[in-house]
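Below, each chain spelled out in residue letters.
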Amino acid sequence: MPEAPKVAVSFAVNGEPRTVEAYPMARLLDVLRHELRLTGTKEGCGEGECGACSVLIDGELVNSCLVPVAQVEGCRITTIEGISGETLHAVQEAFVECGAAQCGICTPGMVLAAVTLIERHSAQPTEDDVRNGLAGNLCRCTGYMRIFEAVLQACEKSVGAGA
Amino acid sequence: MAMQSDSMPDRFIGKSIPRKEGREKVTGRAVYVDDIAMLDMLHGVTVRSQVARGHLRGIRFAESIPWDEFTIVTAKDIPGKNCVALILDDQPCLANQVVNHAEEPVLLLAHADPYLLEEARRAVELDIEPLPPVFTIDDSLAKKQLIWGEDNIFKSFLVESGDVESAWSRAHLIVEGEYETGAQEQLYIEPQGIIATFDAEDGLTVWGSMQCPYYVHRALMTLLNLPVNSVRVIQTETGGGFGGKEEYPSMIAGHAALLARKSGKPVKIVYDRMEDMAATTKRHPSRTRHRTAVTREGKLLAMDIEFVVDGGAYATLSPVVLSRGTIHAAGPYFCPNVRIRSKAVATNFPPHGAFRGFGAPQSVFALERQMDQVARALGLTPEEFRRRNFVKEGETLAVGQMVREKIDMAALMECALDLSDYHAKRKRFAEENPRRAVKRGIGLASFLHGAGFTGSGERYMASLVGAEATPEGQVRVLAASTEMGQGTTTVFSQIAAEALGVDFDLIEIVQPDTALVPNSGPTVASRTCMVVGKLVESAVLGIRQQLLSSSLLKDKYTSEQFRQACRLFIQNHGELKSTAEYSAPVGVYWDDEKYRGDAYGAYAWAVYVAEVSVDMTTYEIRVDDLVAVQEVGRVINPVLATGQIEGGVAQGVGFALYENVVWQEGRMVNSQMTNYIMPTSADLPRIRVFFEEVPYAHGPGGAKGIGELPIDGPAPAIVNAIENAIGVSIKRIPVTPEVLMEALEGVHA
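Here the protein sequences come in this chain order: A and B. For what it's worth, this note's numbering labels the leading residue of the first sequence as 1, then goes sequentially. For what it's worth, this note's numbering labels the leading residue of the second sequence as 1001, then goes sequentially.
Keep in mind the hints are simulated off the structure, nothing from the lab. Among the clues, some could well be false.
Over 10 Å on every C-beta distance to chain A, these chain B residues come out as not near it, computed from the model [unchecked claim]:
| id | residue |
| --- | --- |
| 1 | 1021 |
| 2 | 1025 |
| 3 | 1035 |
| 4 | 1190 |
| 5 | 1191 |
| 6 | 1221 |
| 7 | 1230 |
| 8 | 1296 |
| 9 | 1334 |
| 10 | 1462 |
| 11 | 1501 |
| 12 | 1573 |
| 13 | 1736 |
Output of the computed footprint for chain B on chain A, the stretches with three or more beta carbons under 8 Å from beta carbons of chain B [what the hints assert, rightly or not]:
| id | segment |
| --- | --- |
| 14 | 63-69 |
| 15 | 79-89 |
| 16 | 107-114 |
| 17 | 143-156 |
In this text, a Cβ means the ideal position worked out from N, Cα and C, and glycines have one as well.
Only chain A is shown next, with the shape it has when bound in the complex (with noise of 0.2 Å):
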C-alpha cells in the first residue's frame, strides 16, 4: 500500500502506553486488531456507516476505519476491552439482560455508543435521546428495540446509583 515509510506511533490504550511501527495512513482499525490484537473492536462496513468500529478517542466516539494511524499520537484510546473489568459495565450488564445482543458483531460498537450517550446526559435521557444516540451504530438483528431498553434500563441504574 502506503507510499510513505512506517514510522512510530505512541498512543494510550485502556490506559497502557503502547507504541507501534505503522504506515501512517493505516488504518487505526487495522492497529487495534492486527497489531494490538484487539479485535474485541469490528469490521462491519469499512466506511463510517455501521459503527461496529466504534473507539473512543480522547473520550470522542469515532470509527476507528476512518482514522489514520498516524491522527492519534499521544491520544488517549478506548475499546471495548477497556470498558469493563472483573465485572461487567452496567450498559453491558443490561445489554445480556435486556436481549440487547443477538449475533453480537455489532455489539462492541454499540456498547461504546451507548457509554457515551450516558456519559453525556446528567439526566435519564429520553427515548428520542437514545434512538439518536445510537443512530451512528448499525444493527440487523434486533430492530433496537431491546438495544434502547437496555440503555434506558442503564441510565436508570447509574441515575439512581448517583452516578
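We have chain A; now place chain B onto it with these hints.
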C-alpha cells in the same frame, strides 16, 4: 394474553433466561472468523468476471507484480467436481470457459500481505468475449437468449384445487392485480469469511461464519474429492446470517480450501463489505399476478396466481425458495378453487438465494395487497373481507392441507385491531388527511408461515441430534444447528434442562463441528427450535431413561443426584450417550408427485397492523406504529422471541421502504452501506410485539417456529397503510420517494 399449558409448572420453558454467550458478546471476547490469526497464514482474494455473460478466452497477468510470490488457483486446480454442491450442482466453484454473471469467480490469489494482494487482484486481466445477457423475467421466459438448460427455467410448480376456470362465470366480481418486489440484501453486519488449512495427514479443516456446517462439508468433499473423514467444518461465532450464510459459505470455503491445498498454508478469505454485497446472494426479485373471483357475499370463489422469481445465473436454492413462496401465495384463507402456477427463471444476475422468509415475503406481499384491492372493489373494509375468508380449523389450505391447529384468525385480527386502535385511527385519518400535507394511514396484513422444511424435506433430511453425559455429570448436546444471534444455544439449553429437570448450568451445547456433532440439518426454515429442538428433548430424555433403567436414578431427583448418577453410570459402562432421529408426526403426509398434502407440520399465524405518514412534499414515508400479533405455539424464551419478531419486522420495514438494489449491466452498483439503506435506530417506530400461545403437540415444550414469520407481514401492511393515506395503490416495493413520485405524478424521478 398468554395462555399457559396445563402441565407441571415449567422451570425453564417460557422464562427469559439471558443469552448464554451474552457475556462474551458484550465484552468483545466472542471470537469471529476474522478475529482468528494463524501462524504463516495467507490471505486470499477472488478475481471476478465483471462481465454478465461471455466466453473466457484468456487470463493476462500484468508485469508489475512479483507473481512467483503468489499462490494462483484456477478451475484447472480443482481435484474433484467443479461445482458448489447443493441441489442441482450447476454452479461452478470457479468459472471455466463461460461466465454467466458479472461477479462470477474465475481466479483466486493468496499472499501474506493483504495490500500487495489487492494490487495483484487488480493486475489480473480477464479476456472475456461478451455475449448478450438476460436481465428481465420477461426476456428469460421468452427465451430471448437461452442461458440455462432447455428453457431458462430452474423449477416450476402447479398447485390446483377445485376448478378455477369454471368459477369465473359464477363470479360476482373479478379483480386483477400485478405486484413486484425487489432484490434485498441480507446485510448481516459481519461479512462472510472462512479460514482453511490442508495437510496430507489431517486433510482439510475449515473455520468460518456459516449457518449450515454440513452443507459446507458436502460441498468440500465434492470439490476436493475427499472422503467424509478428511473434511472437518467448524462454525465460528457468526455475526448474523438471515439466509445469506446458508449457501454462499460453501463457495468461499471451496476457494479457501483450494488456496490452502495449493499453498500448503492456512488461508483466510474475508470479504469486505462491497464484495460481500455485490457477490453474495440476495432475496429473489419477484413478480406476482393475481386474478381473484368473489361472490356477492364477499367470499373468495377463485384465486388464480402466477408467481415468478428471478433466480439469477445458477439454481442455488431457487427450487426450494420457489416452493415455499408458492405454498404461501394463497395465505391463511379458504377458497374452493385455487390455481398457483410458479416459476423460478434464470437471468444473468449473480444468483439469488435464501433470505429470511424464503419466497414467502414476496408472494405474501402480492396476496395481501390484492386482498385490499378486492375488498375495495366489493365495498368492504379490508378487515371485514378478510374476516369472511379466514381458513378455520377443519378447512383446507390451497395445497390440500387440513388445518388441525386451534387457530382463530378472526380473533387474532380483532386483537391486533384493538391494540393498534385501528378503527378510531382510520376514522380520524380520513377526517384529517384532506387538510394535511403529511397524510396518515393505517393498514394490515394477515398471514401464516410454515415451520420446518417444506413438504417431505424433514423426512428426507432425517436429522440427528446426540447427547452425552460427562464424568462430571454435565450433559452435552451435539447438534449441527448454529447460533447466529437467534438464540439456538440458549433455547436448546432451556429445552434440555426442562426435559431433564436439572439446573440450566448442567447443559452444554457443543459448538457445531462436523467432527463432533451429527447432521441435524441446516439452520434455516424456522426449523431449529421446533424440529431440532424436539430432537434435543428426545436425545436428553434418552440419557435420563438409561439412568432410570439402570436404577441409578429414581423418578424424582435433584441436579446433584442426577450428576452422581451420570458419574456412576460412566464408571460402570464407560460412556453414556443417546441419539434422536427425526420421524414425521403420525398423520403428517406430503405427496411429492402431486405437490399436495401437509406442506408443513405446523404454521405460525399472524396479523400485523402498520401506521404510516406520507409527506406529500418530499414523498418520504415514515412508519409511526407497528403492532405484531402472532400465534407461535409455546414461547420458550419471551425476550429472545420478542427480539426475533422485532428484528424481522425491522428487516420488513427495510424491504418495504428503503432497501433498493440498483443494478447496472448485471452488477449491484450501490454495494455499500452508504447507498444501500437499511433502517437505523432513528427510522423505526416502536415495534409492539404480542404472542398468543397455543402449545403445539409435536414441538419441544409446545413450541413452533418463529424466525421467518415476522418478515412476511410488514411490507404489505405498510403499503396497505400508504394506500389508506393517499388513496393510490402502489404495486411494487421498495416504495422509495422516487417510486411514490412516479405513482403520484406519473413521471420518472
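Results for each hint:
1. 1021: It is violated; residue 1021 of chain B is separated from chain A by about 7 Å at its closest Cβ, not greater than 10 Å.
2. 1025: Its Cβ does come within 10 Å of chain A, the nearest being 3 Å, so this is violated.
3. 1035: The claim breaks: residue 1035 of chain B does not keep its Cβ more than 10 Å from every Cβ of chain A (closest is about 4 Å).
4. 1190: violated (4 Å)
5. 1191: violated (8 Å)
6. 1221: holds (28 Å)
7. 1230: Label holds. Min Cβ-Cβ 30 Å, cutoff 10 Å.
8. 1296: The assertion about residue 1296 of chain B holds, with a minimum of 43 Å to chain A.
9. 1334: holds (33 Å)
10. 1462: Non-interface label on residue 1462 of chain B holds, nearest chain A Cβ at 29 Å vs cutoff 10 Å.
11. 1501: Its Cβ never comes within 10 Å of chain A, the nearest being 25 Å, so this holds.
12. 1573: holds (39 Å)
13. 1736: Since the minimum Cβ distance to chain A is about 18 Å, residue 1736 of chain B lies beyond 10 Å and the statement holds.
14. 63-69: violated (count 0)
15. 79-89: holds (count 6)
16. 107-114: Held - the segment 107-114 of chain A has 3 residues with a Cβ nearer than 8 Å to chain B, which meets the minimum of three.
17. 143-156: That given contact holds, which follows from 6 residues of the segment 143-156 of chain A lying within Cβ reach (below 8 Å) of chain B.
Figure legend: structure checked against the earlier numbered hints; hints not met, in rising order: 1, 2, 3, 4, 5 and 14.
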